[in-house]
Structures are given as structure tokens and as C-alpha cells.
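Chains as they are written, first to last, in numbering that gives the first Met the number 0: chain S, 0 to 556; chain A, 0 to 250.
Do not rely on the hints blindly, as some may be mistaken.
If you want a taste of the chain S side facing chain A, the calculated C-beta under 10 angstroms gives, among others [stated by the list, open to error]:
| hint | residue |
| --- | --- |
| 1 | Val-176 |
| 2 | Leu-195 |
| 3 | Asn-236 |
| 4 | Phe-297 |
| 5 | Arg-368 |
| 6 | Leu-375 |
| 7 | Gly-381 |
| 8 | Asp-386 |
| 9 | Asp-392 |
The hints are simulated quantities; they were obtained by calculation from the structure and are not laboratory data. Note that CB positions come from ideal geometry on N, CA and C, so glycine has one too.
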Amino acid sequence: MEKWRATSNLRRSLKSILNRQLSSVSEFRYLNEKSCQPIFNLIRDYNSVGEVNAIRYGCFSSMSTVVQRNPSFSTLNSDDISYFKQLLGEKSVIQDEDRLETVNTDWMHKYKGSSKLLLQPRNTEEVSQILKYCNSRCLAVVPQGGNTGLVGGSVPVFDEVIVNVGSMNNIISFDKVSGILVCEAGCILENLISFLDNQGFIMPLDLGAKGSCQIGGNVSTNAGGLRLVRYGSLHGNVLGLEAVLANGDVLDMLGTLRKDNTGYDLKHLFIGSEGSLGIVTKVSILTPPKLSSVNIAFLACRDYSSCQKLLMEAKRKLGEILSAFEFLDIQAMDLVLNHLDGVRNPLPASMHNFYVLIETTGSDESYDREKLEAFLLSSMEGGLISDGVLAQDINQASSFWRIREGVPEALMKAGAVYKYDLSLPVEKMYDLVDDMRTRLSDLARVVGYGHLGDGNLHLNVSSSQYDDKILEQIEPYIYEWTSKHRGSISAEHGLGLMKANKIYYSKSPETVKTMRSIKGCLTPMGYSTRIKFFRTLSIHRAWCMTVEYSFSHIQCQ
Amino acid sequence: MKIMVAVKRVVDYAVKIRVRPDKNGVETQNVKMSMNPFCEIALEEALKIKESGFAKEVVAVSMGPSNCVDTLRTGLAMGADRAIHVEASRDLVPLTVAKLLKKLVEVENPGLLILGKQAIDDDCNQTGQMIAGLLGWPQGTFASKVVLDKEKHTASVDREVDGGLETLCLDLPAVITTDLRLNQPRYATLPNIMKAKSKPIKKYTPEELNVEIKSDFEVVQVTEPPKRKAGVILSSVDELIDKLKNEAHVI
């Protein structure tokens with residue numbers, strides 16, 4: 000009853016928010032981008048007690064956006080620790096320096112927080128109690144899952160309490176007839192994939208980070224992945240979720256129904272909001288059946304327009320069996336071959352300008368094979384493909400995927416990398432890469448790859464060291480370019496800390512205002528903001544809100 | 000010189016196999032099948048020998064039901080010139096395969112017969128040795144390196160044995176079975192796949208080759224290995240000694 004009331008109260012307040020004028024929310028100030036100077040390093044301003052007071056971000060954005068730690072958030076004291084120990088047990092309250100070091104740093108080692116406390120709740124009730132307590136004490140909190148995010152969303156900015164849901168990793172139920180899986184947010188994606196494999200089903204999403212990322216984070220960041228072209232986004236596949244709001248209220252929206260038109264479908268707010276509205280604790284997801292026949296081809300194209308035409312042909316000729324369409328350019332291939340072990344070039348005869356990976360999944364081996372071979376041969380005759388190989392067994396298939404999934408890893412090994420994840424109209428996508436190459440010429444190496452099937456480009460700039468000259472050439476040009484073509488400055492990685500203040504490149508001010516008020520509505524003690532998501536510097540009424548969310552994902556690059 | 004390579008269609012190496020409920024074998028319905036990895040290596044070696052000029056033709060052979068043709072197509076796509084399919088509906092044991100191969104060798108007269116050292120479905124490791132015995136040919140099994148000498152008409156084979164490596168010199172014609180480290184099989188490129196469609200696959204039946212299909216043994220039961228028991232953390236040396244003595248019976 001409680002839960003139902005909470006949900007319907009929320010719906011009511013959302014409705015009133017959207018009907019109101021939002022000018023009263025003007026307390027939020029945000030930096031004018033043009034007034035900032037670039038700074039080279041991450042500088043922490045310490046106050047007299049040695050606590051981090053503010054952080055200036057120079058490396059990763061051309062603005063020296065000084066993010067101040069809001070003084071209305073309290074600091075941890077020993078009473079808090081004892082309370083948590085009593086609530087969760089000694090084992091789930093971690094203050095050990097070494098462990099904190101890992102959870103404070105993100106996967107790319109670009110962002111580092113200074114949290115002094117890691118909590119590992121084991122069920123929704125514990126999460127609810129934690130948040131309720133933090134709310135009452137005004138302690139800032141950051142939810143964390145697999146910590147594989149690429150925009151600095153999964154780690155604390157300052158000394159927020161880290162609530163890691165990794166211990167909540169039970170599979171609650173699985174319906175073999177409908178394929179609906181209900182599980183806790185801390186389940187690692189790869190484990191879910193293996194579990195479903197035994198049942199004859201697969202997860203609708205797959206990404207390079209699957210060994211570490213957790214489903215709660217995938218959902219909170221609306222992870223895309225390699226199979227989006229076939230199974231669609233999480234908005235379509237997640238049937239329900241259970242989330243805990245900032246004040247400890249548990250929203251039970253864990254439905255397993257394909258259709259339910261009773262009121263606003265609030266779960267969509269949580270999918271992709273990167274934890275700014277609440278901590279997801281359980282997920283119910285529709286899983287497609289595992290089909291037996293998987294074929295994969297690794298192809299070479301002469302130029303980008305051939306890749307595009309190939310995509311159009313693939314969608315038409317392969318139709319319902321197409322399950323992935325990825326591309327990488329010659330620089331990406333080069334990096335992978337040079338920096339990763341055990342990777343073989345499938346087309347050793349010569350280096351080609353573009354490589355395309357096409358995967359088909361269907362139920363009839365010989366039918367699919369014939370269809371794929373016919374498509375490939377006609378594309379070859381039509382001049383769209385200059386060369387290609389077809390995997391003959393599962394090992395060969397995995398080796399092709401290793402190449403595509405290994406690009407982010409290879410980039411990390413090559414030195415410094417500036418990562419951008421953009422959604423653009425397919426015909427314009429590679430123009431940006433060419434433009435950036437001209438702009439950067441000898442300064443750095445521009446690498447382009449991504450989910451061509453979804454119009455998602457992962458543009459990475461690689462050099463031996465971080466250098467502000469390189470950054471100047473990239474930002475804000477890349478965002479302006481994207482904005483001009485009505486693209487998205489963050490296709491699937493989310494905003495996190497890295498792109499929090501870039502939201503205006505892809506969303507209008509009115510839209511952002513409305514987002515802010517919805518957030519205010521879901522954080523009952525008044526307007527609170529999320530430092531990263533909204534980049535606001537003053538907080539009107541203090542509250543413990545999750546600064547960030549990024550259980551996962553990414554590396555779904 | 001002609002090289003004959005025998006290839007087998009087996010459950011794909013990467014598939015997690017399950018025992019059938021009737022315990023008569025392994026589940027093969029709806030499971031991905033592909034060429035035996037050792038056979039791929041054998042075919043790759045044959046192709047390498049042909050490319051270096053020692054052989055003129057590579058013939059791939061497979062035996063079994065009609066879907067063996069898929070495996071032969073893969074072989075042709077890798078670069079084999081011709082293929083032979085011996086159609087047999089029942090499961091063939093190594094001795095029968097060896098007898099069939101002997102008949103084919105009499106027809107084709109290859110200078111070299113290369114096989115994978117074993118199939119990953121039955122792990123028999125018998126066919127190569129049996130055919131060498133039937134033909135009276137020298138054999139170099141578990142080959143990790145093969146070097147041919149055209150003048151002397153011999154093959155020098157490095158074998159992987161328990162103690163290390165053994166090098167043999169075989170007079171051709173000979174039988175070689177391949178081990179993992181011999182080479183890395185090539186991918187099937189699209190142009191080759193296109194060409195493979197027009198390469199001939201000759202069909203034979205066991206009756207035509209005058210070989211009777213019979214098995215001297217019968218599979219009684221197939222079961223999964225016992226599940227690994229979880230490890231136990233012990234608290235003292237005394238407990239360790241006690242367990243080693245009374246439970247594991249090793250001291």
C-alpha cells in the first residue's frame with residue numbers, strides 16, 4: 000500500500016510540476032561557458048581540514064568549471080559509521096584505504112573521488128534505510144555498480160558515500176515461456192547471459208564491459224551495446240523496475256507485463272537518468288530466445304559511402320536476421336593489431352580503409368547461411384565490399400568480435416585518449432572524423448568506430464600524452480558540429496561528470512528546465528541538484544542526492 | 000603429388016555440450032557443428048604444402064550423413080581443390096573410417112595423407128594410426144612441424160611426445176596426423192567461398208567401396224563427469240593431516 004501511495008503521489012506531483020511555471024527554480028546558476036579558462040591539471044582546493052573543497056576540471060573539458068563542494072552537505076562522522084555498521088553489519092561497511100582507492104577511481108583512471116566510506120547493502124530494505132538516513136543527515140551519496148562508466152559518473156566527485164549494489168546479485172525469477180527475467184540490480188551482465196544461455200535465452204543487450212558491468216547500471220544509463228540494431232533499446236526491453244528514492248521511499252514498479260497503460264510509466268524516467276532520480280534495485284527485463292544459427296562476416300570497404308550503402312543493403316537483404324552492424328576505420332584496426340595480444344588480422348593481404356562487422360542471428364543454419372552468402376557475394380560484385388571473410392566456427396566468430404570489442408582497450412594501452420560518443424545522421428557521421436583529422440593533423444591520431452547500424456560514432460583522439468593544445472582543437476568544435484547537425488553529444492555513454500554541462504548542445508533550455516523540476520519533484524525535501532548532471536553550483540536546499548550514477552556500461556564502445 | 004585430407008564434422012569446439020537424457024550420447028540437435036579443429040590444421044598444412052610447390056592438388060574427404068557437405072564446403076572455401084563425400088547414415092567408428100579411406104587411397108593415389116590427430120567428439124586418436132597400418136605406410140603422428148624433401152621424396156616430421164619432441168624421417172607416401180601447434184588455419188575469404196561453389200564434390204557409398212559398416216563395440220552409457228566439489232578451508236595443520244589421512248587416503 001505504501002509503495003502504491005508513493006508512486007501515485009509522485010505521479011500527481013509530476014503533473015503539477017509540468018503545469019507550473021518554472022521560474023521559481025531560478026536559483027540554479029550555471030557557468031557561462033565562455034567565461035572560463037582552460038587549466039591543465041585536475042586541481043583540488045583543500046580547506047584547512049584537508050578535505051577537498053572544490054575541483055577544477057581542466058583536462059577533460061575546456062572550461063575550468065569549478066565545481067564547488069556544496070557546504071550544506073554534511074561530512075561523515077563516527078556516529079554515521081556506527082549507524083551504518085549497526086544497520087548493515089561490519090562486513091558491508093568499508094573504510095579500508097586500498098578498497099576505497101579502487102572504488103574512488105573510474106575505469107579510465109581519469110576521475111577520482113575522495114570518498115571515505117563504501118557501503119554494500121544486500122537488499123532493497125537496506126538501500127532504503129541508507130538513503131533515508133543520509134537524507135536526514137544531509138549526506139551526499141553516489142550509487143555505484145560495476146564502475147565501468149566512461150564519463151566519470153560512477154565515482155564520487157568529492158567525499159560522497161558510495162552505495163555499491165554489487166552484493167545484490169540474485170536472480171529472482173525467470174519465466175521460460177515469456178522469457179521475462181526478474182533480477183536484482185547488482186547482477187553482472189555476463190552472469191545473466193550465462194544463466195539465460197542454459198535456459199535457451201539471451202540478454203537483449205551486449206557490450207564489451209559485460210564481465211564487470213551490472214544490470215542496474217545498464218538500466219540507469221540506458222546502455223546501448225552491440226545488439227541495439229536488432230533488439231532495440233532498454234526502454235523497450237525493461238518491463239519494470241524497483242527503485243529507491245532519495246528519501247528512502249521504495250517505488251515498486253516491478254511489473255512483468257508487456258502492456259500496462261495505467262498512469263504515467265515512471266520507469267522510463269529512471270532508465271537513462273544516470274541515478275539522479277533514485278537507485279534502481281531490481282529490474283524485470285524481457286529476454287529474446289537464443290537462436291541457434293549465428294553467422295558473422297568481417298568485411299573491408301574502400302570508403303565510407305560504401306559502408307553506408309552496405310548498411311542499407313544489409314537492412315533490406317538480411318532483414319530480420321541482421322543482429323549487429325559495426326564499423327571501424329583503418330586507424331582503429333591498426334591500434335588493435337598493435338596493442339592487443341592474440342589478435343589476428345582476418346584480412347592480412349592489405350590494410351583497408353574501413354572494416355565492417357556484420358552478424359546475423361536466426362533459427363535455420365542453412366537458410367541464414369545462404370541468405371548471408373548471397374548478400375555478401377552480390378555486395379562484392381556490386382563493388383561495395385573489397386574483401387571479406389566469413390567465420391566458419393565459433394572461435395573464428397569470437398576473434399572477429401575481439402577485434403571490434405578490443406578497440407577501447409587498445410586505445411587505453413596506446414596512451415592518452417579523448418573519448419567522444421556521438422549520435423549523428425549516418426551520412427554525415429564520418430565527415431566529422433575527417434574534419435577532426437584535418438583540425439588535429441599531426442597533433443594526435445583520430446580514430447573512428449562504432450555502431451553504424453544505430454548511427455552511433457565513437458570518435459576517439461589518441462596521443463601519447465594529454466595535452467591542452469589537442470583539447471582546444473577538439474572542444475567545443477566537436478560539440479558545435481554535432482549540435483549543428485542535430486546530433487546527440489552523448490549517444491549512449493551518458494553525461495556523468497564529463498559532459499554534464501554540455502547538455503545544451505543537444506537539448507533546449509526549456510527541456511532542461513523541465514528535467515530539473517522533475518528532479519526536484521522526485522527529491523521531496525526541496526530542490527536539490529546533482530552536481531554532475533546539471534552542473535549547478537549552488538544548491539538550494541541541501542539533500543543527499545546521488546551525484547552520479549553509472550553502474551556500468553559503456554565500454555560498450 | 001596429390002594430398003588427401005580427411006575432415007570430420009563435429010560439435011563446435013566452443014559449444015557447451017550436454018549429455019542426452021537417454022544417456023546414449025551427447026546432444027547434437029540444434030547445436031552448432033563445424034569442422035574438427037585438428038582437421039582444420041591438417042587442411043591448412045596441406046594447403047601450405049601445395050602453395051610451396053610440393054603438391055599439385057588437395058582433396059578433402061569426409062564421411063557421414065548428408066550434412067557433411069557443409070564441412071566439405073568449408074574445406075573447399077579454405078582452398079581445397081576437390082572434395083569426396085562418403086555417404087553413410089550411421090555413426091562410423093575409426094576402423095570403418097580407416098577401411099573406407101584405404102579404398103579411396105587406392106582410387107586416388109595420393110602421395111600424402113594428412114589427418115587431424117583426433118576428433119574432439121570421441122577423442123579416439125585411432126584413425127591415422129589404423130589407416131597407416133592397413134596401407135602399410137609410415138606414419139608421423141602428433142606432428143608439430145612438417146618439412147618435405149622433394150629430391151629424396153621424404154617428409155621430416157617433428158612429433159610432440161611426452162618427453163619433448165621427436166623428429167622422424169618418413170618415406171613418401173606417408174600418413175601424418177596433426178597436432179595443435181603445427182599452424183594457424185586460415186579464414187575462408189569471400190572470393191574463395193564464391194569459387195568453392197563450383198568445385199566438385201564426388202559422392203561414394205560404402206557399398207561402392209566394398210566396405211561393410213559394422214561396429215565391434217557398442218556405447219553403453221555416456222554420463223557427465225562428477226561435479227567438482229567445493230574446496231574446504233581448513234583451520235589448522237592437524238585438521239589437514241586428518242583429512243589427508245582419513246578422507247583422501249593419500250597418506
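Return the numbers of the hints above that this structure violates; sort them in rising order. 1, 2, 3, 7
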